[in-house]
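J.: One letter stands for each residue in the lines below.
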Amino acid sequence: MSEQQLLQQFRQQETKEVAFTNIMRIHQQRLYWHIRKMVTFHEDADDILQQTFIKAWKGLHDFRGEAKLSTWLYRIATNEALAHIRQAKRKMTDATVPADTHTIAERLAADPYFDGEEVDILLQEAVHTLPDKQRAVFTMRYFDALKYEDIAAILDTSVGGLKANYHHAVKKVADYVKARLNQPF
Amino acid sequence: MKTALHSDKNWQQEIASLPPLLQTLTDRQPWLMPDGYFDTFPQQILQRTNTTQQVPQDYFETLPDRVMERIYLNATHDKAIIPASDQSITETDGYFDQLSIPTNSANGIRRLWKTIAAAAAVVSAVIAYTLWPAEPAAPATLSHLSDQEITQYMLRYMDEWPTEALLELSPETPPFVFDTTATDLLENFLLEHADINELQNFL
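Chains as they are written, first to last, in this note's numbering: chain A, 1348 to 1532; chain B, 0 to 202.
Bear in mind the hints are in silico, worked out from the structure with no lab data behind them.
Any given hint might turn out to be false.
[Claimed, not checked] Not close to chain B: a few residues of chain A, all C-beta gaps over 10 Å, as computed:
| id | residue |
| --- | --- |
| 1 | Gln1376 |
| 2 | Arg1377 |
| 3 | His1389 |
| 4 | Gln1397 |
| 5 | Arg1437 |
| 6 | Met1439 |
| 7 | His1449 |
| 8 | Thr1450 |
| 9 | Arg1488 |
| 10 | Ala1511 |
[Stated by the list, open to error] The calculated lysine to aspartate or glutamate pairs, modelled on DMTMM-like cross-linking and capped at a C-alpha distance of 20 Å, are:
| id | chain 1 | residue 1 | chain 2 | residue 2 |
| --- | --- | --- | --- | --- |
| 11 | A | Lys1480 | A | Glu1453 |
| 12 | A | Lys1519 | A | Asp1462 |
| 13 | A | Lys1480 | A | Glu1496 |
| 14 | B | Lys1 | A | Asp1497 |
| 15 | A | Lys1510 | A | Asp1522 |
| 16 | B | Lys1 | A | Asp1462 |
| 17 | A | Lys1494 | B | Glu13 |
| 18 | A | Lys1494 | B | Asp26 |
| 19 | A | Lys1518 | B | Glu13 |
| 20 | A | Lys1438 | A | Glu1496 |
| 21 | A | Lys1518 | A | Glu1453 |
| 22 | A | Lys1436 | A | Asp1391 |
| 23 | A | Lys1519 | A | Glu1496 |
| 24 | A | Lys1510 | B | Asp38 |
| 25 | A | Lys1519 | A | Asp1503 |
| 26 | A | Lys1438 | A | Asp1491 |
| 27 | B | Lys8 | A | Asp1391 |
| 28 | B | Lys8 | A | Glu1390 |
| 29 | B | Lys1 | A | Asp1467 |
| 30 | A | Lys1510 | B | Glu68 |
| 31 | A | Lys1519 | A | Glu1472 |
| 32 | A | Lys1525 | B | Asp26 |
| 33 | B | Lys8 | A | Asp1491 |
| 34 | A | Lys1519 | B | Asp7 |
| 35 | A | Lys1525 | A | Glu1465 |
| 36 | A | Lys1438 | A | Asp1467 |
| 37 | B | Lys1 | A | Asp1491 |
| 38 | A | Lys1494 | B | Asp7 |
All figures in this text were calculated on a predicted structure; none of them were measured in a lab.
C-beta atoms are modelled at their ideal positions from N, C-alpha and C, and glycine is treated no differently.
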């Protein structure tokens, strides 16, 4: 079934839930992994993915198809993930909120949904040090292999700026891992 | 998760130009997730969209009535602890006419309240005459009872009196306003159920 047919089904009350279920089944895995690599932890990714689809449910009636549905969903997911990251950072600097003093490495070591080695943990730590936009660009390009044009559409920015962002991010991540890894890099 | 995008030549060339360790890290999969996560995910979302977005049919149409009913029932529940000296209890003109309460029991209580309030001004003289017909001095005291005093007394002890008897005080048909029959009923009711000494002390 085409994207257009799914959207038509969604606009009819009697087929709305079936259409939306199909939309979720088509996009849930790619969106989950995109979010998961931005925020690292399954619980956070699950929260954000749910929020993403709830926003999609509310907004899909107004979706007019100027962009691909996948781009639109990626945009929601990325914005939700960035909002989550910013909120977490605010909590870290807000003295009135009890801060999670555990490092990324400590949390990953205790995480039942992470089975990586030292280098995997270092990579995650490095990603967490990136500024928000670089983190989003690095995740979409390095992990998800999205085209620059698609990333530009999701983030509503220029391809040239994105490439610069990506190369800055790659250098920071490489430097971070190299400085901490106990083996030749 | 590898997709068709990972076979894009431009992406592969770009990855090949990175430091060696970063080239290999894209292939690693240290990530796990709960078993069956994606199988149940759509159903979870549909449940959340149903509970967060929808309300029962006619919810907003009936909301004002349900709120007013709760306010009224709370008020009738609280009446037993209203201090006898509280003189601030008055009925705003037409308040109970505007109040819409859908349940039969609430309607009965509403009618009763209205009857008591409306009858209070008249019944004090009736009580006085009935209780002290041969003693002119005593009726003079009771004849000065205010509407509020009679009403407060009734409300103060309402919980201790039989509900069925109380409901009989209320006219069954609209507009539920006071009439002579209601006055007689209230008089008879007080004679039957009220403690005369308590009534005198209370007033």
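J.: Take the hints in turn and mark each one as holding or not.
T.: Status of each hint after checking the structure:
The claim that Gln1376(A) is not at the interface with chain B is violated, since a C-beta of that chain comes within 10 Å of its own (minimum 6 Å). At roughly 7 Å, the least C-beta separation between Arg1377(A) and chain B is not larger than 10 Å, which violates its mark as non-interface. For His1389(A), the shortest C-beta to C-beta distance to chain B comes to about 6 Å, within the 10 Å cut-off, and the non-interface label is violated. In this structure Gln1397(A) is not separated from chain B by more than 10 Å, as the shortest Cβ-Cβ distance comes to only about 6 Å.
For Arg1437(A), the requirement that its beta carbon stay farther than 10 Å from each beta carbon of chain B is met, with the minimum near 25 Å. Annotated as non-interface, Met1439(A) keeps its C-beta farther than 10 Å from every C-beta of chain B; the closest such distance is 24 Å. Look at His1449(A): its CB is around 18 Å from the nearest CB on chain B, clear of 10 Å, so calling it non-interface holds up. Residue-level check passed: Thr1450(A) sits 17 Å from the nearest beta carbon of chain B, beyond 10 Å.
Arg1488(A), annotated as away from the interface, has a beta carbon of chain B within 10 Å; the closest lies near 8 Å. The beta carbon of Ala1511(A) is kept farther than 10 Å from every beta carbon of chain B, the shortest such distance being approximately 14 Å. For the suggested pair Lys1480(A) and Glu1453(A), the alpha carbons sit about 25 Å apart, so the restraint of at most 20 Å is broken. Our distance criterion of 20 Å between C-alpha atoms is broken by Lys1519(A) and Asp1462(A), whose separation comes to about 24 Å.
Among the hinted pairs, Lys1480(A) with Glu1496(A) is consistent with the structure: their alpha-carbon atoms are about 16 Å apart, no more than 20 Å. Taking the CA atoms of Lys1(B) and Asp1497(A), the gap is near 17 Å; set against the 20 Å cutoff, the hint holds. Between Lys1510(A) and Asp1522(A) the alpha-carbon distance is near 18 Å, which keeps this suggested pair within the 20 Å criterion. A threshold of 20 Å between alpha carbons decides the hint, and for Lys1(B) with Asp1462(A) the separation of about 18 Å falls inside it, so the pair holds.
Simply put, Lys1494(A) and Glu13(B) have alpha-carbon atoms about 12 Å apart, close enough for the 20 Å limit, and the pair holds. A distance of roughly 18 Å separates the Cα atoms of Lys1494(A) and Asp26(B); the hinted pair therefore holds under the 20 Å criterion. A distance of roughly 13 Å separates the Cα atoms of Lys1518(A) and Glu13(B); the hinted pair therefore holds under the 20 Å criterion. Using a Cα cut-off of 20 Å, the hinted pair Lys1438(A) and Glu1496(A) is violated, with the two alpha carbons roughly 34 Å apart.
A threshold of 20 Å between alpha carbons decides the hint, and for Lys1518(A) with Glu1453(A) the separation of about 25 Å lies outside it, so the pair is violated. Restraint check: the Cα-Cα separation between Lys1436(A) and Asp1391(A) comes to about 14 Å, which is no more than 20 Å; the hinted pair holds. Between Lys1519(A) and Glu1496(A) the CA atoms are separated by roughly 23 Å; this puts the pair beyond 20 Å, and the hint is violated. Of the supplied pair hints, the one linking Lys1510(A) and Asp38(B) is violated, its CA atoms being roughly 36 Å apart against a limit of 20 Å.
Taking the CA atoms of Lys1519(A) and Asp1503(A), the gap is about 24 Å. The hint is violated against a cut of 20 Å. The straight-line distance between the Cα atoms of Lys1438(A) and Asp1491(A) is roughly 28 Å, outside the 20 Å bound, and the hint therefore fails. The suggested pairing of Lys8(B) with Asp1391(A) is violated, with an alpha-carbon distance near 32 Å, which exceeds 20 Å. Annotation: proposed proximity of Lys8(B) to Glu1390(A) is violated, straight-line Cα distance about 34 Å (limit 20 Å).
Between Lys1(B) and Asp1467(A) the CA atoms are separated by roughly 17 Å; this keeps the pair inside 20 Å, and the hint holds. Between Lys1510(A) and Glu68(B) the alpha-carbon distance is near 64 Å, which puts this suggested pair outside the 20 Å criterion. In summary, the hint linking Lys1519(A) to Glu1472(A) is supported, as the alpha carbons are separated by about 11 Å, within the 20 Å threshold. Our distance criterion of 20 Å between C-alpha atoms is met by Lys1525(A) and Asp26(B), whose separation comes to about 18 Å.
Restraint check: the Cα-Cα separation between Lys8(B) and Asp1491(A) comes to about 14 Å, which is no more than 20 Å; the hinted pair holds. Of the supplied pair hints, the one linking Lys1519(A) and Asp7(B) is violated, its CA atoms being roughly 24 Å apart against a limit of 20 Å. Taking the CA atoms of Lys1525(A) and Glu1465(A), the gap is about 12 Å. The hint holds against a cut of 20 Å. About 25 Å separates the Cα atoms of Lys1438(A) and Asp1467(A), which puts this hinted pair outside 20 Å; it is violated.
Restraint check for Lys1(B) and Asp1491(A): the C-alpha separation of about 8 Å stays at or below 20 Å, so the hint holds. Between Lys1494(A) and Asp7(B) the CA atoms are separated by roughly 9 Å; this keeps the pair inside 20 Å, and the hint holds.
Violation of the numbered hints given earlier is confined to hints 1, 2, 3, 4, 9, 11, 12, 20, 21, 23, 24, 25, 26, 27, 28, 30, 34, 36; the remaining hints are satisfied by the structure.
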